[in-house]
Structure formats: C-alpha cells, structure tokens
Amino acid sequence: MPPAAIEFQNVSKTFARGSGRRMLALEVFRQLAGRWRRSGAGQFHALDNVSFTVQHGRSLGLIGPNGAGKSTLLSLATRVAEPDEGEVIVRGRLSSVLDLGAGFHPDLSGHENLKLNAALIGFTRARIEQFAPNIAAFSGLESALDDPVRTYSSGMVMRLAFAIAVELDPDVIVVDEMIAVGDEDFQQKCLRRIREFREQGKSILLASHSMGTVREFCDDALWLDHGRIRMLGPAAEVTAAYMRGV
Amino acid sequence: MDNLSPPDPGARWHGEYGFALRELVLKDFRSRYRNMSLGIFWSLLNPLIMMGLLTFVFTQVFPTGRSAFPVFVLCGIIPYNFFALAWSTGTASLMENTALIKKVPVPREIIPVASVLSNLLHVLIQCALLLVFLFAYGFMPNRYWTLLPVIGVFYVLFIIGMVLATSALNVYVRDMRYVVESMNTILFWLVPIFYGGEMIKPAFADIYSLNPIAALVQATRNILMEGRAPAFSLLAKLGASSLIVFVLGWTVFQRLKHRVYDYL
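Protein chains in written order, with the working numbering: chain A, 1 to 246; chain B, 1 to 264.
So that you can see chain A by itself, here it is in the shape it has in the complex (with noise of 0.2 Å):
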C-alpha cells in the first residue's frame, strides 16, 4: 500500500489545567531546560494514544460531542500545534476550512490577504500567482477584490476565505464543520468543490457534528471520545452506532 496521506502514531496531547503563577514560571523554566513535552499529573489530556491512518483519496470523518478533542485533533493535523507523544505524518500540500477569514487584515485589499494567506500557510510565490485567478473567480468577488476586506460582509470574507482554501490545489483538505458558506448558490458551489475532490482522489478529514454530512461525505468516520478513539470504521457503521448512544 502507498504511504498514507494523513497518519497519526500514539499521539498524545495535553495542555496545562491551572495556570496559577508559578505554574507558569516553572513551564517556563522547563522548557527553557529543553523539556516541553509534558508528563505526570495534573494534566488535561485532550488527546490520550491517538492512531489512524487517511489513505490518499479517502476521507474521514470525526464525530464526537464537545471537548471530544476534535479541534485538538485537527490543530495537530494543520500543524500548528505540536502533540506531546506519538507522531503526525501529512503527505502532500495540506490546506484548512477552519476559522474563515481569521488571518485577514482588514485595511488590506482582498487580492492583497489572498497573497499574504496563501504565502503563510505555505504556498510557493509561483503558485500563488498561477492560482490567483481561480481563487478570484470561485470567489465571485471579482472588483471587490480590490476593496479592503474591513468593507466586505461576513459573507464576502467567508467566501473569500474558503476560495484560497480550496483553490490552491492542495492533496489534503481539512474541514471544521463549515463545508459550505455564503448564501444558498455559494453554499451548493462548495458542496459541488468538496465532491469533485473526492472524485479527483484528494483526502478529506471533516469534522462534523452533523452525522447527515459525515455519512454524505466520508467513507470512514472516527468517533473521539474524551480524548480517546470510542469506534473506527466505515462512516456509516459508526454514525450509526454514535446516535445509538448519544
């Protein structure tokens, strides 16, 4: 079997429960030792021995009420948080539907955000510019591109947002909830993006808390429960047995 696209080995992650002063002083001093990983009590262990593995051109589906770990999961996946054990392996150019629109300035024009988004999540200069368009044309903000984003509506920035996620043509995408944005057209436009991804072979990680869409859009589905893996398998044998028990 090819190497997977998205793996997690044992992963574990913890943050800090309180965060009296001298807690704070002596992480500091940790890890100032070189010793940042975290381990003993008094830990919140959001992620507890984590594995799985998304082959290329599947997609999974994470299920699980809140404070499951769902977002801890997908921050590792993005890469921008770092798990205390085990390991995250992403093959291929990664891109995120999370909080839309969070990185925007709002005094800069929307061509001017779409560069400086695609450049920090990691897209090469050559390929900004060779996507550039599409980004605008999915968008269908066309001359507002030129407006600073502080006089966009939420919509505008959402739509904005989503066109830089899914028009770089990256081999993985990862969704929070928002699989489609925007009023009703734009919303079907995503939903439409989403399935010709599944159909051009790219892997999805989705999570979702409705079970309508995991099964819709997921051929696996994971159920996280207080930070640990509750079911693993086909989306529409664990949806089906998350109702059962929720």
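The set of hints was computed from the structure by calculation and includes no laboratory data. Just to be clear, a hint being listed does not mean it is correct.
[Claimed, not checked] Some, not all, of what chain A presents toward chain B, calculated at C-beta under 10 Å:
#1 Lys13
#2 Thr14
#3 Val28
#4 Ala81
#5 Ser96
#6 Leu120
#7 Ala241
#8 Tyr242
Owing to the predicted nature of the structure, the values given are computational and were not obtained by experimental measurement. Glycine is no exception: its CB is placed at the ideal position from the N, C-alpha and C atoms.
On the provided structure of chain A, position chain B as indicated by the hints.
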C-alpha cells in the same frame, strides 16, 4: 515545474521563507499608512520633535556648547527609537497575531522578525532625514561611511535577538511588555542620546560599550560627525555582544515555541 512537485512529508511548512516575510512586512507597512493622510510624514515627526526639544533644552536651558546639536541628537535618537519601538512592538507581535498563529503553521519566528523589519523600513526613511541635516550642517561623506551598513546589520541582529526572546516569553508571562516598556525608559537615559560618549567616566565606559545601542550611537557619531573610524575595541564589542544576544534570543525562541499554540 519544480515547485509543483509534492513537498517533503517531514516538513511542517512548505512555503517560501523570504516571500512570506516580505508579505508580512508589506502588510505592516500598508496597514499603517493606508488610512493616514500624512503618510510617511509620521515616521519623521517623532524624531523631529525629539530633536527640537532636546536641542532647545541643551542649547538654551543647559547649554553644552556642543556644535551642530541637532545632528548630534539625531545620531542618538534614530537608533534609540528604532530599538525602543521595535522591541516593544516585536514583544507583542505573537500576541497580536494570535489568529494567524492558531490557524497557519507558518514558522513562528517569521512573525517577530517581520515586525522588526517593518520598523527598519521607518528607520530608512529617518536616515534620509539625518542625511539632509548632515549636509545642511556641512558634514560630507568620508570613506568610513562604508562601515555604517556593516554596523547596521549587527544592530538589526541584536534587536531581532532581543525581540525573539521577549516575544516568546510574553506568550507565557504577559507582563513582559511592561518590563520592556520600563527598560526602554531606563535606556533613554543610559544611552548617550543628548550627551556624548566621551563624557562617560572611564569606570563606566566599558559597561557602556557593551550595550550595543550605546556602542552604535558612539560609532555613528565617530563616523558621521568626527570623520574618523570608531575604535576597534568599540566595534569588536558591538559585534560580539550583538551576535551573543542574537544566538541567545534565537535559542530561547526555539525552546519556547512548541507550546505557543497552547498558551495563546
């Protein structure tokens, strides 16, 4: 095309460092000036006001008898302002870009470094102002001017080192910004801005020259106003202390960066 081939799976981030840095610096610059009618004039206003005030006080209230006092003060206030502003904005830079850091796996150090470099853009504008005053007071270029860019690079490394350390610490210990602000006030008096390096008693001279800000001000005045090369020992101390601060700052940042996400 080479850059369309699949990237290395081990890497966290596949972007172009220089391009991302450039876009971030441009963002700072554009967002600062776009909504201002006076534009880059604001970069010049602060050094001009400080120059006017200090010149008034030290020629009319406490006369020092020093000639070309406006040029003398500018040689001190421009490097000091660069340091003070870059240090305080850089220290807050990770916090200010929380949304970005929580969303995008861009190498963390790019953000404080970009913050220093966008302040450097303002300094370049202020250097043009200094140049005007130099010529107006009849100071002409000499061969030692070629030393200035070299000294400048060490100075920027020094500032980046300071900013890397305090920006990372500020994520965990939020009072870091107040420490930085107090330090800046202290340094205004301990850097020879409105007094000359030659007035410092020998007992303190060594400590002064170990401070890269003080060393840079003295070296700049040696070159621009006295037309002579700075003492080798001064340059050596400036270079060595800047490099040490840079390496220390870098190390602190690399050690502290793993949990920046958790604490923002």
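Hint-by-hint comparison with the structure:
1. For Lys13 of chain A, the suggested interface contact is upheld, since its CB lies about 9 Å from the closest CB of chain B, less than 10 Å.
2. Below 10 Å, beta-carbon pairs count as interface contacts, and Thr14 of chain A has one with chain B at about 9 Å; its hint therefore holds.
3. This hint holds: Val28 of chain A has a C-beta 5 Å from the nearest C-beta of chain B, less than the 10 Å allowed.
4. The interface hint given for Ala81 of chain A holds, since its Cβ lies 4 Å from the closest Cβ of chain B, which is under the 10 Å cut-off.
5. For Ser96 of chain A, the shortest C-beta to C-beta distance to chain B is roughly 7 Å, which falls under 10 Å, so the interface hint holds.
6. This hint holds: Leu120 of chain A has a C-beta 4 Å from the nearest C-beta of chain B, less than the 10 Å allowed.
7. The criterion of a C-beta within 10 Å of any C-beta in chain B is not met by Ala241 of chain A, whose closest approach is roughly 32 Å, and the hint is violated.
8. Hint status for Tyr242 of chain A relative to chain B: violated, with the closest Cβ pair at about 28 Å, above 10 Å.
Figure legend: structure checked against the earlier numbered hints; hints not met, in rising order: 7, 8.
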